[in-house]
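Engineer: Here is how the chains run, residue by residue.
Number of protein chains: 2
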Amino acid sequence: MKQIYVIGVGLIGGSFALDLKKLNAEFVIYGIDHNDAHLDEAIALGVIDEKANLQDVKGADMVILAVPVDATLEVLPKVLDIVNDEAIVFDAGSTKEDICLVVKEHPKRRNYLATHPIAGTEYSGPSAAIEGLYKNKTNIICEVEETAFKLQEKALKLFADLGMRIRYMNPKAHDKHIAYVSHLSHISSFMLGKTVIEKEKNERDIFDMAGSGFESTVRLAKSSPAMWTPIFEQNKTNVIETLDEYINNLKHFKSLMEKGDFDEVYNEMEKTNHIKDILNGIQ
Amino acid sequence: MKQIYVIGVGLIGGSFALDLKKLNAEFVIYGIDHNDAHLDEAIALGVIDEKANLQDVKGADMVILAVPVDATLEVLPKVLDIVNDEAIVFDAGSTKEDICLVVKEHPKRRNYLATHPIAGTEYSGPSAAIEGLYKNKTNIICEVEETAFKLQEKALKLFADLGMRIRYMNPKAHDKHIAYVSHLSHISSFMLGKTVIEKEKNERDIFDMAGSGFESTVRLAKSSPAMWTPIFEQNKTNVIETLDEYINNLKHFKSLMEKGDFDEVYNEMEKTNHIKDILNGIQ
Numbered sequence: 007m008k009q010i011y012v013i014g015v016g017l018i019g020g021s022f023a024l025d026l027k028k029l030n031a032e033f034v035i036y037g038i039d040h041n042d043a044h045l046d047e048a049i050a051l052g053v054i055d056e057k058a059n060l061q062d063v064k065g066a067d068m069v070i071l072a073v074p075v076d077a078t079l080e081v082l083p084k085v086l087d088i089v090n091d092e093a094i095v096f097d098a099g100s101t102k103e104d105i106c107l108v109v110k111e112h113p114k115r116r117n118y119l120a121t122h123p124i125a126g127t128e129y130s131g132p133s134a135a136i137e138g139l140y141k142n143k144t145n146i147i148c149e150v151e152e153t154a155f156k157l158q159e160k161a162l163k164l165f166a167d168l169g170m171r172i173r174y175m176n177p178k179a180h181d182k183h184i185a186y187v188s189h190l191s192h193i194s195s196f197m198l199g200k201t202v203i204e205k206e207k208n209e210r211d212i213f214d215m216a217g218s219g220f221e222s223t224v225r226l227a228k229s230s231p232a233m234w235t236p237i238f239e240q241n242k243t244n245v246i247e248t249l250d251e252y253i254n255n256l257k258h259f260k261s262l263m264e265k266g267d268f269d270e271v272y273n274e275m276e277k278t279n280h281i282k283d284i285l286n287g288i289q
Numbered sequence: 007m008k009q010i011y012v013i014g015v016g017l018i019g020g021s022f023a024l025d026l027k028k029l030n031a032e033f034v035i036y037g038i039d040h041n042d043a044h045l046d047e048a049i050a051l052g053v054i055d056e057k058a059n060l061q062d063v064k065g066a067d068m069v070i071l072a073v074p075v076d077a078t079l080e081v082l083p084k085v086l087d088i089v090n091d092e093a094i095v096f097d098a099g100s101t102k103e104d105i106c107l108v109v110k111e112h113p114k115r116r117n118y119l120a121t122h123p124i125a126g127t128e129y130s131g132p133s134a135a136i137e138g139l140y141k142n143k144t145n146i147i148c149e150v151e152e153t154a155f156k157l158q159e160k161a162l163k164l165f166a167d168l169g170m171r172i173r174y175m176n177p178k179a180h181d182k183h184i185a186y187v188s189h190l191s192h193i194s195s196f197m198l199g200k201t202v203i204e205k206e207k208n209e210r211d212i213f214d215m216a217g218s219g220f221e222s223t224v225r226l227a228k229s230s231p232a233m234w235t236p237i238f239e240q241n242k243t244n245v246i247e248t249l250d251e252y253i254n255n256l257k258h259f260k261s262l263m264e265k266g267d268f269d270e271v272y273n274e275m276e277k278t279n280h281i282k283d284i285l286n287g288i289q
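Just so you know, the sequences run in chain order A and B.
Heads up: take any position in the first sequence, counting from 1, add 6, and you land on my numbering.
Heads up: take any position in the second sequence, counting from 1, add 6, and you land on my numbering.
Hints in this document: simulated from the structure, not taken from any laboratory.
Some hints here could point you the wrong way.
Pairs count within a copy or across copies, as identical chains cannot be separated in the list.
[Said to hold, decoys possible] EDC-like, lysine to aspartate or glutamate: derived pairs with alpha carbons at most 20 Å apart:
#	residue 1	residue 2
1	57	269
2	260	250
3	182	214
4	282	221
5	156	269
6	84	104
7	84	32
8	257	247
9	265	239
10	114	267
11	84	103
Excised from the complex, chain A in its bound form (with noise of 0.2 Å):
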């Protein structure tokens, strides 16, 4: 394996452009990206060794496709149209359900790996890729018995390489957890963001009241509208679901205080402090 193409040289596809590098100094990384100027860029930071075109990765042994979710349903089947026989193709969307729905009658579905690594940072583009963004991070395989079982070995053995623990799951169930762990804390914080900048026209009080809380709270809202409106369109049922009960729930807080139940209110705190014991776990 030497020939690697990745589609998308932004966070996620950068920084596994940077860890291969390190791996194997002989891998000849390619970056393929619609933003020329991404590209350059991507080369000056030396992300990746080269520029290419779609129609180049028929000389891949491995194609790493780290593009929006809804290009990812556009430029994944014209990939596996071009590719090789012995070429292993991943993508690292946050939803997985559309996206191999897209592939499963491609003739070279086999050469498909559905991957999402739980990996990244509130920050886009080139400048953004990091070394070590992988290591000790879940990456999550759907439908695995899909993908030829020689090609399964190569991309497994990349992520072992790169420190990932690995878990297997159907897409519809990733779809559905992934909501939950991910999907709405990027929306309560969005939301959370505006409500405060609709309420403080005078950005100084913000500056100057603001804590470290406020800013671990709203961290996700820098997060990139292009990546994430996509992923929010392809789970929009499971997102909606996860909406309702947030917003349930922060009603019932609400309803609590204005009947003055501050023993509830303890309450409610007191038993989601058990939260504790779940990101240690993360950690």
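Use these hints to put chain B onto chain A, whose structure you have.
Structural biologist: The following block gives chain B in isolation, referenced to the frame of chain A:
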């Protein structure tokens, strides 16, 4: 100034104690706490020098009141009853209106400075105390004109030595703004934690699928219910207003998703991305 009494030897009081001791080894730091085990722990950790009782504050040069805001309403008038004319007393509560009101007519009102240092972590108790917690943090001072000038100076000298920047505000404005930039964040985080815990009965799934984004967004759900319940109670009207606006923003986002208006979903996020600049101001 030499005899310093810290009432409440947890995160906030304990961190003041540690910094004061570092500032001047001649300071004697006395701890007062309704929890005797916390006092022993604070001595063992080197956070305070000696245990004391409330009556002992008659010998104090400075009293730092760092207890939950409901306890402050009870303890602050008692402290003012006891202290000598040259003592400066300040609190660190996250609400200011009720606290200022409870001592408004107190004959020793001029010995009290109403302050809210915007600093903290999600942890509590003496072991949560850390050196340098207040460095480069904002300290909001309310009704400064009600405090004797000579005593203000003592407190301001200390805050300057700890590296804090000062902002002056009236108690009503403080409570209104802080509801947005602090109290609402805590509720959004607690309810996010609740929503996920309720859904994900299998905690292993949360460990495996949740990333650093979720962790950051629910961090505040680790906070102490004993500290936060009375804050929400005292700032009930403002907090309910922020919750109304937050819930409305979430409902609007949900309705855009239901209508399939993803251009507007994109715009909602894009407008809020501007939070980046605001957060850069905080750091």
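Engineer: All the hints need checking, so say for each whether the structure fits it.
Structural biologist: To see whether the hints hold, each was checked on the structure:
Taking the shortest alpha-carbon separations for residue 57 and residue 269, neither the intra-copy value of 62 Å nor the inter-copy value of 31 Å comes in at or below 20 Å. Taking the shortest alpha-carbon separations for residue 260 and residue 250, both the intra-copy value of 15 Å and the inter-copy value of 8 Å come in at or below 20 Å. Taking identical chains as interchangeable, the C-alpha atoms of residue 182 and residue 214 lie at most 20 Å apart only when they sit on different chains, with a minimum of 14 Å there against 39 Å within one chain. In this homomeric assembly, residue 282 and residue 221 come within 20 Å of each other (Cα to Cα) both inside a single copy, at 19 Å, and across copies, at 10 Å.
Proximity of residue 156 to residue 269 under the C-alpha cut-off of 20 Å is found in neither arrangement, the shortest distances being 59 Å within a copy and 42 Å between copies. Proximity of residue 84 and residue 104 under a CA criterion of 20 Å is satisfied intra-copy only: 16 Å inside one chain copy versus 65 Å between copies. In this assembly of identical chains, the alpha carbons of residue 84 and residue 32 never lie at most 20 Å apart, being 27 Å within a copy and 75 Å across copies at closest. When the C-alpha separation of residue 257 and residue 247 is checked against a cutoff of 20 Å, the pair qualifies both within a copy, at 15 Å, and between copies, at 12 Å.
Taking the shortest Cα distances, residue 265 and residue 239 sit within 20 Å of each other only across copies (11 Å), while inside one copy they are farther apart (37 Å). In the homo-oligomer, the alpha carbons of residue 114 and residue 267 never lie at most 20 Å apart, since the shortest distance is 60 Å inside one protomer and 34 Å across protomers. For the identical chains of this complex, residue 84 and residue 103 are intra-copy neighbours only, at 18 Å inside a copy versus 63 Å across copies, given an alpha-carbon limit of 20 Å.
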